[in-house]
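Those protein sequences? They're chains A and B, same order as listed. Residue 38 in my numbering sits at position 38 of the first sequence, and the numbers go up by one each step. Residue 1061 in my numbering sits at position 61 of the second sequence, and the numbers go up by one each step.
Derived by calculation from the structure, the hints in this document are not laboratory data. There's no promise every hint is true.
Unchecked claim - Dumping the calculated DSS-like pairs for lysine-lysine here, alpha-carbon to alpha-carbon at most 30 angstroms:
(1) 1068(B) / 1078(B)
(2) 107(A) / 1024(B)
(3) 54(A) / 1068(B)
(4) 1024(B) / 1078(B)
(5) 1024(B) / 1068(B)
(6) 95(A) / 1068(B)
(7) 54(A) / 107(A)
(8) 95(A) / 54(A)
As the list claims (entries may be wrong) - In silico negatives: residues of chain B with every beta carbon more than 10 angstroms from chain A:
(9) 1008
(10) 1011
(11) 1015
(12) 1024
(13) 1027
(14) 1055
(15) 1056
(16) 1064
(17) 1074
(18) 1085
(19) 1095
(20) 1105
By construction, the Cβ of each residue, glycine as well, lies at the ideal position given by its N, Cα and C atoms.
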Amino acid sequence: GIQVEQSPPDLILQEGANSTLRCNFSDSVNNLQWFHQNPWGQLINLFYIPSGTKQNGRLSATTVATERYSLLYISSSQTTDSGVYFCAVGNQGGKLIFGQGTELSVKP
Amino acid sequence: DAGVIQSPRHEVTEMGQEVTLRCKPISGHDYLFWYRQTMMRGLELLIYFNNNVPIDDSGMPEDRFSAKMPNASFSTLKIQPSEPRDSAVYFCASSPWLALAKNIQYFGAGTRLSVL
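The whole structure should be built from the sequences, with the hints applied where relevant.
Rendered as structure tokens:
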């Protein structure tokens, strides 16, 4: 099956700093999503981005499908950005394969 | 819409007991998914339904686990008998048909299960 690898596994930032999270996947996919799991455990959709670039406020994401990776950019980080960021991919039916996540901690 | 609703939010039980987790998907969504999250294995898909019919249950760990969807607005995940290694957070997600090709799934708040 598809393998999904995220890096870095952990990241500590000072408030206001920028960061880039990476997701590599082992096979062609037709679907890719980024999720944020907040400290209370809630999983929130951030982006559906099988290819191209999207932006939503301080967050943006880019997927280069031909090279099998996606990047999530967080600019001017805030303490509320803390949590775990997951990349999930799919290439058949409804199955989503999740990476192990990047745990982000933003310090005030 | 209230989103995907799961109950209970927390469940503590003793080994050997039956556990039933419940999920109400977003109204109008045709697909329903059950996931399990653990530290060791991360987030893994257990089973998913389309129009109340199980489509793929290859992620169900063993016969102690069963899932049903008797109607479009309700699903259960049952563990009988429960074991300590079943302790995890169980998520339910739903997706409308039009969004499925994009795999846009909307998650509930999860049920944190502790088996003592």
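Regarding the pair residue 95(A) and residue 54(A), is the alpha-carbon distance no greater than 30 angstroms? holds (23 angstroms)
Hey, residue 54(A) versus residue 1068(B), does the alpha-carbon distance stay inside 30 angstroms? Answer violated: residue 54(A) to residue 1068(B) is near 37 angstroms, above 30 angstroms.
Closest CB of chain A to the CB of residue 1055(B) still more than 10 angstroms away: violated (7 angstroms)
Minimum Cβ separation between residue 1064(B) and chain A greater than 10 angstroms? Holds, since 22 angstroms exceeds 10 angstroms.
With the threshold set at 30 angstroms, check whether the alpha-carbon distance from residue 107(A) to residue 1024(B) stays at or below it. violated (37 angstroms)
Going straight from one Cα to the other, do residue 1024(B) and residue 1068(B) come out at no more than 30 angstroms? holds (12 angstroms)
Verdict on residue 1027(B) as a residue remote from chain A, using beta-carbon distances over 10 angstroms: Label holds. Min Cβ-Cβ 18 angstroms, cutoff 10 angstroms.
Non-interface label on residue 1011(B), tested against every C-beta of chain A at 10 angstroms: holds (14 angstroms)
Beyond 10 angstroms from each Cβ of chain A, as asserted for residue 1074(B): holds (19 angstroms)
Pair hint residue 1024(B) and residue 1078(B), alpha-carbon separation not exceeding 30 angstroms: holds (15 angstroms)
Would you say residue 1105(B) is clear of chain A, with no C-beta pair closer than or equal to 10 angstroms? violated (7 angstroms)
Least C-beta distance between residue 1056(B) and chain A, which was stated to exceed 10 angstroms: Contrary to the label, residue 1056(B) does not stay out of reach of chain A, its closest Cβ about 7 angstroms off (not over 10 angstroms).
Of the numbered hints stated above, those contradicted by the structure are hints 2, 3, 14, 15, 19 and 20, listed in ascending order.
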